[in-house]
Amino acid sequence: MHIMEGFLPLAHAVGWNLAAAPFVVHGVRKLARQMKENPETKLLLGASGGFAFVLSALKLPSVTGSSSHPTGTGLGTVLFGPPTMTVLGGVVLLFQALLLAHGGLTTLGANIFSMAVVGPWVAYAAYRLARRSGASLAVSTFLAAALGDLATYVTTSIQLALAFPDPAGGFAGAAAKFMGVFALTQVPLAISEGLLTVLVMNWLAQYSRPELQQLRVLSKEV
Amino acid sequence: MRLRSGTILLLVLLLTVLPLALPSPAGQEEPFSGADARAEALITRLRPDYTPWFRPLWEPPSGEIESLLFALQASLGAGLIGYYLGFARGRNLSAGGTRERVHD
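Chains as they are written, first to last, in this note's numbering: chain A, 1 to 222; chain B, 1 to 104.
Careful: at least some of the hints might be erroneous.
As the list claims (entries may be wrong) - Simulated pairs of lysine to any residue, SDA-like, Cα-Cα distance not exceeding 20 Å:
#1 K42/A <-> N92/B
#2 K59/A <-> T44/B
#3 K177/A <-> R47/B
#4 K177/A <-> G82/B
#5 K177/A <-> Y50/B
#6 K30/A <-> K42/A
#7 K59/A <-> L22/B
#8 K59/A <-> L13/B
#9 K59/A <-> L68/B
Stated by the list, open to error - Which chain A residues stay away from chain B? Per the calculated CB distances, all over 12 Å, these:
#10 G15
#11 A19
#12 R29
#13 R33
#14 F95
#15 R128
#16 L199
Said to hold, decoys possible - Listed below are several chain A residues computed to face chain B (Cβ distance under 7 Å; list not exhaustive):
#17 V25
#18 F51
#19 S68
Worth flagging that the hints you see were computed from the coordinates, not collected in a lab.
From the three backbone atoms N, C-alpha and C, an ideal C-beta is built for every residue, glycine too.
Just chain B, with the same shape it has in the complex (with noise of 0.2 Å):
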């Protein structure tokens, strides 16, 4: 079985988008919270004299400011990945290999 790149692409788009067109379950306060937030609910929950005994060193400030780090993660990541592709497909190419796919 080989997918295609695109066909890949658009099955996780799919897989993406369809929870936010489907209906969501009823009785949420916010639709599509984070799980980690709602795992700290339920904890208060089953222990609701449970306190957290250490506190992280640092918060970011603000919303704005975890998302400038949340995205700053995310493009380090995906900026050495295709560092890492444009490379390999330069290297291909000059050594004499083609465009087309090899099969494995």
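The shape of chain A in the complex, shown without the other chains (with noise of 0.2 Å):
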């Protein structure tokens, strides 16, 4: 999902920052006061942000015959909140376009836009309505993942039809067409990604209930 540095022209690339902005300044806000207010959790968060190094830094094969990389970003969220992951996301992003010229300081806010807000926010929803409608912290989980991993990658669809509509088919023709390359191929990731960060909640649920209890992402009187 990484836009590439240069591939955005100007007005996009400076409308996707603007846009990322306020949820950056968001992010940094409240993880500070997260943990000012649950210093306990701090290693956790650490271990929210390395699983988002290395789901990101993995490209897998799928289907389509193309390979792509899942986000990480579910499991962060459902700890943390999508502010957080944000912030979290925007580091993982920031890393990979200094040092390996994936992604891009130009378009940093466009895939930040993307797999650090919208796929977080996504994943938020998910997690919310399962829970709410009865589903086990498992399943809700896995939604969570899988939901915000897919729409990452329909973001970044629909940012680059934006930029480069089809000459034919316009911006739709061209958003399915990034999609052909992007969602399709992200759907097998997409679960895969969902089964991972179940693994590791699961985990969690097991030894961290502390943690988990004070971030409610599990209740007390259990």
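Both chains are given apart, each in its own frame, so use the hints to dock them into the complex.
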């Protein structure tokens, strides 16, 4: 989902940076408050960032004959909420832009918007809805991670279609083409990401009950 | 529904290996190339006149260095998770926790 350096026209690059900026600022504030209120969860925050680091480095083959990578943002979103995940995702994207020439500084806003804003917020909505309708922690976590992953790639497709409309089919035609590249490839990867996130969440539910209760992922009376 | 860790890992392995075993779609120059690169090719087809207006400040000098940095990224992340889980498990055991599965 990385839009490469220089591959968004100037106006689009500026626009997406402006769109992502308030989410990043809000995220940094929220993160600072969370760490002051619950300093015990700092290590878990590190592990959540680590999860996004590993998963976004894994380029996996998909049924479309193409390869792509998961995002790893679902876990941190369920634990700490979308604003905090925006910061962690931003760090991952900055690392990749500076050291791997993956993504870029001019496209950082667009990439943060898809992977660290839309993905986490979709994951959060899916998680809350699933929990409210009585789904278990595992099922809700799976849905959050898988749908957040997929939403990230749909967003990238839309961002590219806005910048590069199809000469014949316009925005819709280009969106369909970019989704053919990104979203379709991502379906099995999103399922993998959902499963891996459940794996880690199961361990956390077993060994980290105090933190999960403090973060209200698990209720206290259980 | 509670899947055991082994089952989950098996499912992920299957999802990863299956595409490699299936016959890949015809007409591809290179099977399993990156989706990012394919999007780049698609942009060039949609707008042949578009030239990127900014270059990365630094690029890994070779494919080997690039894989080194990707491996570094993955190991950093895996290290953080491994450290945390080991810490949590040890804390849990020393607090009189059990090895048994807790149900939520």
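Problem - Those earlier numbered hints the structure runs against, lowest number first - result: Numbers 2, 4, 14, 16, 17, in rising order.
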